[in-house]
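**Student:** Note that the protein sequences, when read in sequence, are chains A and B.
Each residue of the first sequence is one higher than the one before, counting from 4 in my numbering.
Each residue of the second sequence is one higher than the one before, counting from 4 in my numbering.
No false leads were mixed into what you were given.
Copies of one chain are not kept apart here, so a pair can be met inside one copy or by any two copies together.
Distance condition first, Cα-Cα at most 27 Å in a straight line; then the derived DSSO-like pairs of lysine-lysine: (1) K17 / K57; (2) K279 / K57; (3) K164 / K176; (4) K247 / K126; (5) K244 / K17; (6) K244 / K259.
Read the hints as simulated data drawn from the structure, not as lab findings.
Please read these numbers as outputs of a predicted model, since none were measured by experiment.
2 protein chains.
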Amino acid sequence: MSIAVTILGNSSAKPTASGHPSAQVVNVNEQYFLVDAGEGVQRQMARRGISALKLRAVFISHLHGDHMYGLFPLLSTLGLYGRRTPLRIYAPRPFGEMLECFLRLCETNLPYTPEWVEVDTTKHQIIFENDSTEVWSLPLRHRIPTAGYLFRQKEPALNVKKYAIERYDLSVKQIVDAKRGEDIVLESGEVLSNDVITYRPYATLSYAYCSDTNYSARLARMVEGVDVLYHEATYAADMRKTAKERGHSTTEDAAKVAKMAGVGRLLIGHFSSRYKDLSLLLDEARATFPATDIAREGETFLIEPKPHKE
Amino acid sequence: MSIAVTILGNSSAKPTASGHPSAQVVNVNEQYFLVDAGEGVQRQMARRGISALKLRAVFISHLHGDHMYGLFPLLSTLGLYGRRTPLRIYAPRPFGEMLECFLRLCETNLPYTPEWVEVDTTKHQIIFENDSTEVWSLPLRHRIPTAGYLFRQKEPALNVKKYAIERYDLSVKQIVDAKRGEDIVLESGEVLSNDVITYRPYATLSYAYCSDTNYSARLARMVEGVDVLYHEATYAADMRKTAKERGHSTTEDAAKVAKMAGVGRLLIGHFSSRYKDLSLLLDEARATFPATDIAREGETFLIEPKPHKE
Numbered sequence: 004m005s006i007a008v009t010i011l012g013n014s015s016a017k018p019t020a021s022g023h024p025s026a027q028v029v030n031v032n033e034q035y036f037l038v039d040a041g042e043g044v045q046r047q048m049a050r051r052g053i054s055a056l057k058l059r060a061v062f063i064s065h066l067h068g069d070h071m072y073g074l075f076p077l078l079s080t081l082g083l084y085g086r087r088t089p090l091r092i093y094a095p096r097p098f099g100e101m102l103e104c105f106l107r108l109c110e111t112n113l114p115y116t117p118e119w120v121e122v123d124t125t126k127h128q129i130i131f132e133n134d135s136t137e138v139w140s141l142p143l144r145h146r147i148p149t150a151g152y153l154f155r156q157k158e159p160a161l162n163v164k165k166y167a168i169e170r171y172d173l174s175v176k177q178i179v180d181a182k183r184g185e186d187i188v189l190e191s192g193e194v195l196s197n198d199v200i201t202y203r204p205y206a207t208l209s210y211a212y213c214s215d216t217n218y219s220a221r222l223a224r225m226v227e228g229v230d231v232l233y234h235e236a237t238y239a240a241d242m243r244k245t246a247k248e249r250g251h252s253t254t255e256d257a258a259k260v261a262k263m264a265g266v267g268r269l270l271i272g273h274f275s276s277r278y279k280d281l282s283l284l285l286d287e288a289r290a291t292f293p294a295t296d297i298a299r300e301g302e303t304f305l306i307e308p309k310p311h312k313e
Numbered sequence: 004m005s006i007a008v009t010i011l012g013n014s015s016a017k018p019t020a021s022g023h024p025s026a027q028v029v030n031v032n033e034q035y036f037l038v039d040a041g042e043g044v045q046r047q048m049a050r051r052g053i054s055a056l057k058l059r060a061v062f063i064s065h066l067h068g069d070h071m072y073g074l075f076p077l078l079s080t081l082g083l084y085g086r087r088t089p090l091r092i093y094a095p096r097p098f099g100e101m102l103e104c105f106l107r108l109c110e111t112n113l114p115y116t117p118e119w120v121e122v123d124t125t126k127h128q129i130i131f132e133n134d135s136t137e138v139w140s141l142p143l144r145h146r147i148p149t150a151g152y153l154f155r156q157k158e159p160a161l162n163v164k165k166y167a168i169e170r171y172d173l174s175v176k177q178i179v180d181a182k183r184g185e186d187i188v189l190e191s192g193e194v195l196s197n198d199v200i201t202y203r204p205y206a207t208l209s210y211a212y213c214s215d216t217n218y219s220a221r222l223a224r225m226v227e228g229v230d231v232l233y234h235e236a237t238y239a240a241d242m243r244k245t246a247k248e249r250g251h252s253t254t255e256d257a258a259k260v261a262k263m264a265g266v267g268r269l270l271i272g273h274f275s276s277r278y279k280d281l282s283l284l285l286d287e288a289r290a291t292f293p294a295t296d297i298a299r300e301g302e303t304f305l306i307e308p309k310p311h312k313e
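Produce the entire structure from the sequences given, and follow the hints as far as they go.
**Tutor:** Quick look at the structure:
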């Protein structure tokens, strides 16, 4: 029950020979979600051995080309592969109009339906939910409406502590009740409080993707305590003014958000093509938040549960 | 005054980890033309050291995604790079509607104008022309309206033979007149016929791009005698039926066209992703037309003039 984040691309808008634009696959409990879809995303998935047919849903942060030009080619390919299950695409307006153009002019015969779900980029709310996972929108501060996405595992079912089963000789019915969160009344009349005899088998994990955005203290509150935070750091600290004007962050902005939010680990990316050597950017971020790494293209970052003790 | 063809991508529709979809840069006398623009074309250009800013015009064969999904990202990037010169895009209908969607929904502030020129895919005619170059449309037989493109250098200006200048002691005016194609009348009254005293400094070169298409004898007549022919060969010879149904060619089809047309050299590509080892395809084509090669991604094929003797 882990979360694995595979970086398919990490460059900002100006294309380079060495890297691909923004795209990540977030695997939560073996459910594959695509987050942003820069040009080349389908080939990048193939190179990392991730089948496009596995995708459960797509989340697009905003409609700048370097975050979405790879999506329509991917939708075409899923048609070639014979996908039948509808595919939900979470994206801000006016994605619906783009999708309409695509379906009308490029792909009139897809064997499945791409379904747009509009993301309100002003609200921090649950936009996707199933038994094991929830995804929250994160309002970001960019030049056009932009949302980050927070992936959070739901609490796993309760386990009953072994010592309690043995000591009180609990029946199957009593164990099932305890797993449901009920207190147990013994034959003796003694009441076993549920929190004393049960535990969660593992802590829930969380991952937040925040690109593109100005520094935002509000964002820091929304991602408080996440295990891993990806936060764009387009510019070095000395480009503060440019970053602010263009709706981007510096290394220091990203590190400050990570520190305020008390996250477990910070990944930075979306670097301007001007930076050939990324070590300066990493050093700057680490000066404020030591647990920082570069979200390098091709790498997979595994967020693993720490098992709870009984 | 050569033609250089750089293969940026050569795969058919299903994307693979190893190759990119169709795109080539054809450099005619240092004028750069993009022919088809599969996904990733701008990064492929960067990898081959070809500046996107150099592009003079774009020619799209047809509107299947594997031949054009890379175009809109490229148009965006040219905006980021500050291009001001309009860019002509030659493509069949309904490309204009796609471009309209793109300009309305993705790029409302491009600093230059992408101009669509409609290609009539039923006609073999000159669609682009300047002092040194002409481009002809080639009607192809695919599932949707599709054109190939024939690039042809124009005849270079006449040179006057050295021996004539010396023997007849020609004046500057007489040389200029001869270069214009005029006969020269000497003081003695003798007339020097223009074709006797002048020559073309080099033979003109030509390159034809033909993808995607069924076998076409008409096409063979249109590309007669070209120096290099790129002809798709999506399938091996044993898939003749599938090729025909899907509007594609086999290796044998491509080689047959090359042979009938008497071209100098054949390049084959657009192979189905089912073929991991291309040597079988190459062998099949060479059995009919020995001067065949694979249009491998990343390679540049140089077509050089053979200097004429005086």
